[in-house]
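Given the coordinates of chain A, work out where chain B should sit on it, guided by the hints.
Protein chains: 2
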Amino acid sequence: MKLPQHVELYEVGPREGFQSEASKIPTEDKISFINSLSQTGLKNIEVTSFVSPKWVPQMADAEMVLAHIDRVPGVAYRAAYLNLKGLERALSNNVTLDGSLVLSASNAFSKRNMNKSTSEMLETLPEWIEAYKNAGIEVKQMGFMASFGCNFEGYIYLDHLLDIMGKVISLAESYGERIQKVKLADTMGWANPEQIKTTVRAIQDKWPELQIHLHLHDTRGLGLANVYAALQEGLWEFDTAVAGLGGCPFAAVKGAPGNISTEDVAFLCAEMGIETGLNLKALVECSKMAERIVGRELPGHLSRGGVLPEIRPKSWMQVQGS
Amino acid sequence: MKLPQHVELYEVGPREGFQSEASKIPTEDKISFINSLSQTGLKNIEVTSFVSPKWVPQMADAEMVLAHIDRVPGVAYRAAYLNLKGLERALSNNVTLDGSLVLSASNAFSKRNMNKSTSEMLETLPEWIEAYKNAGIEVKQMGFMASFGCNFEGYIYLDHLLDIMGKVISLAESYGERIQKVKLADTMGWANPEQIKTTVRAIQDKWPELQIHLHLHDTRGLGLANVYAALQEGLWEFDTAVAGLGGCPFAAVKGAPGNISTEDVAFLCAEMGIETGLNLKALVECSKMAERIVGRELPGHLSRGGVLPEIRPKSWMQVQGS
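Sequence lines, in order, name chains A and B.
Each residue of the first sequence is one higher than the one before, starting from 1 at the first, in full-length UniProt numbering.
Each residue of the second sequence is one higher than the one before, starting from 1 at the first, in full-length UniProt numbering.
So here's chain A without its partners, still in its complex pose (with noise of 0.2 Å):
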């Protein structure tokens, strides 16, 4: 048992749980829900995606919304992007970047979302390293879609994760960059628990410095029980998003649960006595909020379930412990 005494949570909601909504969510409420989310005690919100308004036009105020938001000192507010042209606008929207690394761990996805395999996303990396390095941001963290499963690749083996990881790091070392922090997507909701820790396990003896951090998704009802399963592993950085926003569009049905839900996690580390730094009756505010923009229930449980901290002030975990 080695459960992290502090975790953090980076908020995604406002970018991949409004970029799966169909209809155009008006800027103004990105806005007033990423100045609610700013007062949560969240300290990283990916706020949007510089992709293009072509294809994805729900994120077609990317400079609207990063312009207009209240920025609180101390939070630190993301994007993503998937070319060069997205680092660009990235570059030129005061948001904070990384200098990551993105591939998918599936090959059938990789070619599927970026037209590419895995392979020959990996020759395009030395660009990216470049203009990483024009912009003066160190190259320090990489990361993996479809890293535990793929819908249209199937299996995703721990020695091709491993081997493609060792690939970027490499890279990276080429061009006199060090990989310091790995982020592992499960992107479509194929990880169990025990994957989780035999995963982890696997990265942290091959490479004991560099970070874990964890985007899981909640679509097959596991998404909880993989942090509790990351968390005894040390594991103390997950992205997640407020409400359970954001659907998954490899479902079986359209409206399946997405990523894991910013509260409940929370909640799950609170009642272990794990600090967040998160108020939690903050983020069930932000939760029915998120409910009230898209117009419908969303999967996370505490705003339905209840905030246990209004009932009694300490977690159980506590009272045993005093």
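Check before you lean on any hint, since a few could be wrong.
Stated by the list, open to error - Which stretches of chain B does chain A cover? Using the computed rule of at least three CB atoms under 8 Å from a CB of chain A, they are: (1) 58-65; (2) 150-161; (3) 293-303.
Since the hints were derived computationally from the structure, they do not count as laboratory data.
Ideal Cβ placement from N, Cα and C applies to all residues, glycine included.
Same frame as chain A, now just chain B:
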């Protein structure tokens, strides 16, 4: 790590799920649903409740349901009851009985639910033991509602839980009966994974022979994480409800998730290589049937996320191990 090789799920959807539905469910629907459940591999199905039709009109057809279901050999059909009158009805309707002694671990909940404190309820147990003995049923089980926390009482301390467990065990012993199993219910969704582990370890330390069965709710989203924690402690019996049928009347909002979902737990087990004897596709069909019967979307994930074994034949764990 001591995950069990086999897990047994006790289906409670037709009882606990339907019981919490406001509008009357046609008896034929209940019967078809139970008949479908009997074809999934489930070996234990709680089909109804012998309670006063005045208080719970939904369960007024208990005898009718039991008389008309197609009983599959090898499947135990069970029922709930709260008083000796209920036990009498159960005895004359061919249901499997465990000779169970049930209390609430929360005094406040006991008073609210049974109009008697936990101690007063303890004093009624000799009548139950007599009644079981008269019916030729061994008294071998005890159950505790609100074992992990209570909206009306707050914290349930582990020492208190162990204390009342000891009292029931001693009482049964004084009648020459040996309690072999304890059912711990997280009636209002207060448990967290570390609490599950601490509780299970304390019980296993004190009574190594006592089997622990969990009845978990997903009210605040920690249901599957709690199952995973329990599996890590070697537990292998859980109450679950197809589709996550069964709301929580004590939650902040009507319609909050209740019981953990049978198909989601079965999927968790399958993915980790734990055998359940359950057919996931058949469970998903039952889940969809449950949604048709109650006329709304239910919380279970798998029917929306999609059953992975449709895409690939083995779990990730099996493939990695081979």
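Confirm or reject the coverage of the stretch 150-161 of chain B by chain A under the rule of 3 or more residues with a beta carbon closer than 8 Å to the chain's beta carbons.
holds (count 5)
Count the residues of the stretch 58-65 of chain B whose CB lies closer than 8 Å to any CB of chain A, then report whether that count reaches three.
violated (count 0)
Test coverage of the stretch 293-303 of chain B by chain A using CB-CB distances below 8 Å; three residues minimum.
holds (count 4)
Consistency with the previously given hints fails for number 1 only.
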